[in-house]
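Trainee: Starting from the structure of chain U, add chain F with the ligands where the hints point.
2 protein chains.
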Amino acid sequence: MLRTKRIAGRFGLFSRKAWQYPRAMPCATITSALHTSSMTEDHIATLKVRRDRMMQQLHDTCQWGQGERWGSAVIDTGMKRLALTDADKAVRDWFVEEAKSLGCNVTVDEMGNIFAVRPGTNPDLPPIYAGSHLDTQPTGGRYDGILGVMAGLEGLRVLQENDIQTDHPIGLVNWTSEEGARFPITMISSGVWAGVVPLEKAYASQDVGGSGSTVRSELERIGYLGPRPATPEATPMAAHFELHIEQGPILENNQQKIGVVNGAQAYKWFTVVVKGRAAHTGTTPMDARGDALLVAARMINHSNVVANNSGALASTGILTLQPGSVNVIPSHVRFSLDIRSKSDAIVTEVEQKLKRDFAAIAQGRDVEGCTPPSAGTLPMEVTWATDYHSPAVHFDQGCINAVRTSAAGVLGSSELFRDMTSGAGHDSVNTSKHVPTAMIFVPSKGGISHHPEEWTSDEDCALGAAVLLQAMLRYDRGHNSK
Amino acid sequence: MLRTKRIAGRFGLFSRKAWQYPRAMPCATITSALHTSSMTEDHIATLKVRRDRMMQQLHDTCQWGQGERWGSAVIDTGMKRLALTDADKAVRDWFVEEAKSLGCNVTVDEMGNIFAVRPGTNPDLPPIYAGSHLDTQPTGGRYDGILGVMAGLEGLRVLQENDIQTDHPIGLVNWTSEEGARFPITMISSGVWAGVVPLEKAYASQDVGGSGSTVRSELERIGYLGPRPATPEATPMAAHFELHIEQGPILENNQQKIGVVNGAQAYKWFTVVVKGRAAHTGTTPMDARGDALLVAARMINHSNVVANNSGALASTGILTLQPGSVNVIPSHVRFSLDIRSKSDAIVTEVEQKLKRDFAAIAQGRDVEGCTPPSAGTLPMEVTWATDYHSPAVHFDQGCINAVRTSAAGVLGSSELFRDMTSGAGHDSVNTSKHVPTAMIFVPSKGGISHHPEEWTSDEDCALGAAVLLQAMLRYDRGHNSK
Ligand SMILES: [Zn+2]
Ligand SMILES: [Zn+2]
Chain U
0 MLRTKRIAGR FGLFSRKAWQ YPRAMPCATI TSALHTSSMT EDHIATLKVR
50 RDRMMQQLHD TCQWGQGERW GSAVIDTGMK RLALTDADKA VRDWFVEEAK
100 SLGCNVTVDE MGNIFAVRPG TNPDLPPIYA GSHLDTQPTG GRYDGILGVM
150 AGLEGLRVLQ ENDIQTDHPI GLVNWTSEEG ARFPITMISS GVWAGVVPLE
200 KAYASQDVGG SGSTVRSELE RIGYLGPRPA TPEATPMAAH FELHIEQGPI
250 LENNQQKIGV VNGAQAYKWF TVVVKGRAAH TGTTPMDARG DALLVAARMI
300 NHSNVVANNS GALASTGILT LQPGSVNVIP SHVRFSLDIR SKSDAIVTEV
350 EQKLKRDFAA IAQGRDVEGC TPPSAGTLPM EVTWATDYHS PAVHFDQGCI
400 NAVRTSAAGV LGSSELFRDM TSGAGHDSVN TSKHVPTAMI FVPSKGGISH
450 HPEEWTSDED CALGAAVLLQ AMLRYDRGHN SK
Chain F
0 MLRTKRIAGR FGLFSRKAWQ YPRAMPCATI TSALHTSSMT EDHIATLKVR
50 RDRMMQQLHD TCQWGQGERW GSAVIDTGMK RLALTDADKA VRDWFVEEAK
100 SLGCNVTVDE MGNIFAVRPG TNPDLPPIYA GSHLDTQPTG GRYDGILGVM
150 AGLEGLRVLQ ENDIQTDHPI GLVNWTSEEG ARFPITMISS GVWAGVVPLE
200 KAYASQDVGG SGSTVRSELE RIGYLGPRPA TPEATPMAAH FELHIEQGPI
250 LENNQQKIGV VNGAQAYKWF TVVVKGRAAH TGTTPMDARG DALLVAARMI
300 NHSNVVANNS GALASTGILT LQPGSVNVIP SHVRFSLDIR SKSDAIVTEV
350 EQKLKRDFAA IAQGRDVEGC TPPSAGTLPM EVTWATDYHS PAVHFDQGCI
400 NAVRTSAAGV LGSSELFRDM TSGAGHDSVN TSKHVPTAMI FVPSKGGISH
450 HPEEWTSDED CALGAAVLLQ AMLRYDRGHN SK
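Those protein sequences? They're chains U and F, same order as listed.
Following numbering that gives the first Met the number 0, the numbering of the first sequence begins with 0 at its first residue and continues without gaps.
Following numbering that gives the first Met the number 0, the numbering of the second sequence begins with 0 at its first residue and continues without gaps.
There's no promise every hint is true.
If chains are identical, the list can't say which one is meant, so a pair holds when it fits in one copy or spans any two.
As the list claims (entries may be wrong) - Below, simulated DSS-like cross-link-like pairs (lysine-lysine); rule was C-alpha separation at most 30 Å, straight line:
hint, residue 1, residue 2
1, Lys352, Lys267
2, Lys200, Lys88
3, Lys79, Lys274
4, Lys444, Lys274
5, Lys267, Lys99
6, Lys267, Lys200
No lab work stands behind these hints: they were computed from the structure.
Please read these numbers as outputs of a predicted model, since none were measured by experiment.
Looking at chain U on its own, in the form it has when it is part of the complex (with noise of 0.2 Å):
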């Protein structure tokens, strides 16, 4: 059956700014069946997301893991929904109606990846995958995670009530337990389908809450223990593109709205040991201390004035100390020491200044660029234990020029969206190792994430999603190798 309508009907439209309507919407008289190959660059260019809808659909179904109040206030926005917990199921319940509604294909592998697949008119190609994870930390927001799944079915929706074909199937994927949060392995259902978390591994994980449930027990308690098998042969992909908010405050700071991003920071994660000698802070002169949390405190300065020196990241977010008494001077120090940056050259360079640095603090000689002890020290000892390494990402260049392309379409303007390097970690890490990948970035306010406070504008919200299905469309159309 034939109809015609005009396209600005039938596509979800939104906005007040002006850089949000790059071109205005043509009124073309087109066919019922939309086929992507013969839509034109304007056509795709003009396809957008129900933004109101969409944040309707993710407001609502935050029901589900609604957190709890956050120190003295009450942040509406704030989530718990932890991997595989009666929250987890009830939104995958409502996920797999949701897309089964929208003409999906719903098939649950054996890590609960749930893959919903709308058909393409190509039966040999695997599915174009969005994809996200639904799971949050224990005081998370709305939005890591959740926009990314939101929007897919968004997509999923737009295309489906404007009767747009495509030749891959169109997929999206909600990825089991990301945050490793209730069990403490990141990524680890899409680390499982990628081969990098051995199924056995991923399945003993057990709740850090000490319950003894493990990713198996729980699986199996909701009803998610799927029989298809997690790996890229049960369930290829011929790309996977994910839409997160950017949890950094680089878009923001610059006035971006999309970061298109080409990778991940490589990441080397350390435990610091300095081992000096407890002594008494009264009788103790300051030229005969081994004073490891003075030492500490110079090192964790210094690693911050290499790494910045190198473009690179150097933090540490736990430091413990003994004995831990406030008359005596602290005997051990461990502190971690997370290295990143986009390139595995840059980490291994500040890793390698840091240690030679590092022994040379330890033995009170003077390093260049680090204040010297005031009253000298005694030599102490100072070891290092890798605890992690990712390299880093290089995301595939035709996936990243889908998402150029797209940003480019949607905002008009090239000071609108900027190449980026993700700074987390994400599913799409791991399926870049198997299927072309790119991420979408859209702002997050004050560069905050894993809080309550988490928050990206319905706009942004709804210009990622537009990217994204923008994006998925261009790849389908061939436009991957551009």
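Mentor: Frame of chain U; chain F with the ligands shown alone:
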């Protein structure tokens, strides 16, 4: 009855090295009941203790509270004699019997302080006391406190076996629970005696182990809740001398044997809180951080520089942070700051400088002597709370002179002793508020204390005990205003 003896046969003699025999033993003929008023300076200077006997008794009585294994090694001198435990009762019972056997009257006050008094010839005079404590830290050694009591007993023994008479009675006090390790108020019982700790507060102090026992219930349980008020009126003193290990490295590092302690440092304890902003370590550029730990590290380093420039001490023994995750920049850091000097004015000066400079560091402003932030920083809040203030203590010049003269007499060379200020708190700080007081320090190997490796050589213990005994006799002779 009159007897004649060679003095050398009557005094406890010891030692191998030349400086330990600063002068030849006189072969004087003296009457049996030798009164301090008729002793010459030479007589007093030759008065020593019996090293081996004293040390044997010290080690024997450490059967009560013998410490546990320390890590993988057994350190035989480890002690765990927490106040008012069965081990403490056992050594107290022994102490009472031993003092009685030396001709002393023994009384116990309402804080369990045990006063052993050997009568003098003038019934109107209060006793000159030696005093220290028999309790230890949970992982303590055999010298802190214990040496002062054992040396006092040995002095009484030397007086007794040599029929030396004094104008003042000569006393020895074992102060209850000096360490504050089991009941967390240090110097609690000399504090009650001196009126600085209210009796009811002391009685109510609870076992840190959570047993619910209080000082009062444990005093009752072990039979040391005496009838006498713990006050200077009920237990008057002419003076208080305390032999103690230095618990620091100054004497050892200067190859000296005796510290003539002229007072105790002023000290002030603070809790400093830095409030920054939690953010993801991977997604937050260096110049967009409110890294509370980085700022705290700069503050700790700066406190060291400022204190050292003022000849003061500054130390941080406790530091905690939140939220404490390897990939989250700390939002809150809380650390202790302990500032000390022998001068109240210098403590105040360092406090004021640091309050000014910490505020500037928290704002990311340049501070003289402090490495500037490498990449800027978000402004942060810093708050100070004063937890404790102990003003400088100045001991009595008469007592100090008696100690200095005795040190000169025992050691022979002014290079072997020095004036010092105590860096730690002692019962003598409390007694000095009411009666003339001074202390004598002997070297601590490696400056180590409150640890099973705490150690002072037998020779140094005996030198200290001789100085203690001689100082009391000199004070008795009225050399207290010299
Ligand atoms: Zn996420
Ligand atoms: Zn002591």
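Trainee: Which numbered conditions among the earlier hints are violated in the structure presented, ordered from lowest to highest?
Mentor: The structure conflicts with hint 5 only, although it agrees with all the remaining ones.
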